[in-house]
Amino acid sequence: MIEIDVDKISKFIGKYSLGKDNGNESLHFLRIKIPGGVISADKFYEIAEMAEYYGRGYAEITNRQDIQLHWIDAETALEVFERLYKMGYTTDLCGQAFSKACHGDVRNIVSCPISGKASKDLTEYVFELNDYFSGNPEFLRLPHKFKIAFTSCGYDCVRIKANDLSLIWTDDGFVPFVGGGMGISHPGIRFAESLNVLIPEEIVFDFVKAVVEIYRDYSNKESKMKARFKNLVHSWGVEKLREKIEEKIGKLRDYRKLDLQMIEHRKGIQWNDLQYYTLPLLGTLNAEKMKIIAELSKEFGSGELRLTPWQNVMFTDVEDLDGLKDILSEHFSIKEYYTAIACPSNFCGRTTVHARDVLENIAEFGNVAVSGCANGCSCHRLADIGLVGKFKKGIQVYDLYIRGELVMNDLKPEEILKVLKEGCYEIKA
Amino acid sequence: MKLKLKKVGEKYELDVKDMVCPFPLTLTKLALEKVDNLEVITNNPPSARDIPRVLRKYGYEVDVKREGEVWRIGVRR
Numbered sequence: 001m002i003e004i005d006v007d008k009i010s011k012f013i014g015k016y017s018l019g020k021d022n023g024n025e026s027l028h029f030l031r032i033k034i035p036g037g038v039i040s041a042d043k044f045y046e047i048a049e050m051a052e053y054y055g056r057g058y059a060e061i062t063n064r065q066d067i068q069l070h071w072i073d074a075e076t077a078l079e080v081f082e083r084l085y086k087m088g089y090t091t092d093l094c095g096q097a098f099s100k101a102c103h104g105d106v107r108n109i110v111s112c113p114i115s116g117k118a119s120k121d122l123t124e125y126v127f128e129l130n131d132y133f134s135g136n137p138e139f140l141r142l143p144h145k146f147k148i149a150f151t152s153c154g155y156d157c158v159r160i161k162a163n164d165l166s167l168i169w170t171d172d173g174f175v176p177f178v179g180g181g182m183g184i185s186h187p188g189i190r191f192a193e194s195l196n197v198l199i200p201e202e203i204v205f206d207f208v209k210a211v212v213e214i215y216r217d218y219s220n221k222e223s224k225m226k227a228r229f230k231n232l233v234h235s236w237g238v239e240k241l242r243e244k245i246e247e248k249i250g251k252l253r254d255y256r257k258l259d260l261q262m263i264e265h266r267k268g269i270q271w272n273d274l275q276y277y278t279l280p281l282l283g284t285l286n287a288e289k290m291k292i293i294a295e296l297s298k299e300f301g302s303g304e305l306r307l308t309p310w311q312n313v314m315f316t317d318v319e320d321l322d323g324l325k326d327i328l329s330e331h332f333s334i335k336e337y338y339t340a341i342a343c344p345s346n347f348c349g350r351t352t353v354h355a356r357d358v359l360e361n362i363a364e365f366g367n368v369a370v371s372g373c374a375n376g377c378s379c380h381r382l383a384d385i386g387l388v389g390k391f392k393k394g395i396q397v398y399d400l401y402i403r404g405e406l407v408m409n410d411l412k413p414e415e416i417l418k419v420l421k422e423g424c425y426e427i428k429a
Numbered sequence: 001m002k003l004k005l006k007k008v009g010e011k012y013e014l015d016v017k018d019m020v021c022p023f024p025l026t027l028t029k030l031a032l033e034k035v036d037n038l039e040v041i042t043n044n045p046p047s048a049r050d051i052p053r054v055l056r057k058y059g060y061e062v063d064v065k066r067e068g069e070v071w072r073i074g075v076r077r
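Chains as they are written, first to last, in our numbering: chain Y, 1 to 429; chain C, 1 to 77.
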């Protein structure tokens, strides 16, 4: 028996991974978790340098507030992980490449980007839960991925219905929504539904832990297609789920239904009378632009940035907003496409006419989401205008959804803009 | 922390099933610092793609057998 010493890499196992790419000459992506999207200008700058050195200078903001790099060479991965380790960041574990269930983890915890600036500060819970779940051996072999979101602004700025567990702050506590999932795995696309309970602030950590434990212990582990939490919620119903949670943490108080309007935070006044301002990006950046953003954040703000679930970057604590916008307009072509998002299907290898290219032509229509395939990574069913790609007889086409309803099938990419401009589709009443 | 290589006939086996990228490749390279004849067992599709490609680049002889969702990657110097 020969032994190999793995001490030098053991600190990375369970906390870091490379995901699989299959397009655009990229073999691996790196999805850096930025809990709640909260990042200092210095760390944003450093990640820009990593993008430059390891990732051909390219970066994406994901709709879970991660920063994603591509073209990462597996042989330099440990070096990359060491840099992230020193910054205090981890990555998704990207177990979705496995064909079977039980390679899931808790994904980046998403939070309202104005949290603590102009709405109740939830960052304490986000960071505490992130630290708890990251690398915790009890939660590294979940049936599948698990997605958590928090919001406190009175609006749905985090896509509540898309998450396995969303927590909405009201003045009395948190109202949880459960069982969302935008992909085709069983039982199909599901919008998270209210648990109709109120979680007092002091037990929210225990509540989230209990839900993830229930997911881990009761979800289907035999079939990856049935392993998402939405499947358990669908088969149990919220009442049974509530009972199981109450067995763990005690009786919960009933609460009324909530329905929040979906928005992106564009600009506004913070509690300290300074301003926040969101730079709309359509999700992609390069290293040079990231460095400019970092520098301007320090010059015009406090050096704290927020990544948003709409793939944009928010400046916070800004005094001279006009000055900031003037300089930004020298470096960015700023179009007010705040709520237009697409998945990076050009890197997945699942499209020949890519989701981001489709989006660029139609972002003017406002709340648009383009998913390259039925995995639904852009949550197209939650958008006013949603598109999902597929192949028909070997040709790339897209299905069009308007406010979640299918209105047209099999559109060729070049037809989409005309259809939207002319409005030649029928929406059921 | 130590990872054991099991001797099976003339070769050593490195079982890296259930490990995500890049650890199967990383551990394979560490194992090849100690042995010349290795069989790597993985169920991670991108690792099954990457390990042969990288090792052939370094001049190793590589053969790959797939048994369902498990790949056995034979590596010889």
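Among the clues, some could well be false.
Claimed, not checked - BS3-like mimics (lysine-lysine), calculated; alpha carbons at most 30 Å apart, straight line:
1. Lys-100(Y) x Lys-17(C)
2. Lys-2(C) x Lys-11(Y)
3. Lys-291(Y) x Lys-4(C)
4. Lys-4(C) x Lys-100(Y)
As the list claims (entries may be wrong) - If you want a taste of the chain Y side facing chain C, the calculated C-beta under 10 Å gives, among others:
5. Asn-24
6. Trp-71
7. Gly-95
8. Lys-100
9. Ile-184
10. Asn-286
11. Glu-288
12. Lys-291
Just so you know, the hints here were simulated from the structure itself, not pulled from any lab data.
Glycine included, C-beta positions come from ideal geometry on N, C-alpha and C.
Evaluated hints:
| no. | hint | in the structure |
| --- | --- | --- |
| 1 | Lys-100(Y) x Lys-17(C) | holds (12 Å) |
| 2 | Lys-2(C) x Lys-11(Y) | holds (13 Å) |
| 3 | Lys-291(Y) x Lys-4(C) | violated (45 Å) |
| 4 | Lys-4(C) x Lys-100(Y) | holds (25 Å) |
| 5 | Asn-24 | violated (15 Å) |
| 6 | Trp-71 | violated (14 Å) |
| 7 | Gly-95 | holds (6 Å) |
| 8 | Lys-100 | holds (7 Å) |
| 9 | Ile-184 | violated (19 Å) |
| 10 | Asn-286 | violated (25 Å) |
| 11 | Glu-288 | violated (28 Å) |
| 12 | Lys-291 | violated (27 Å) |
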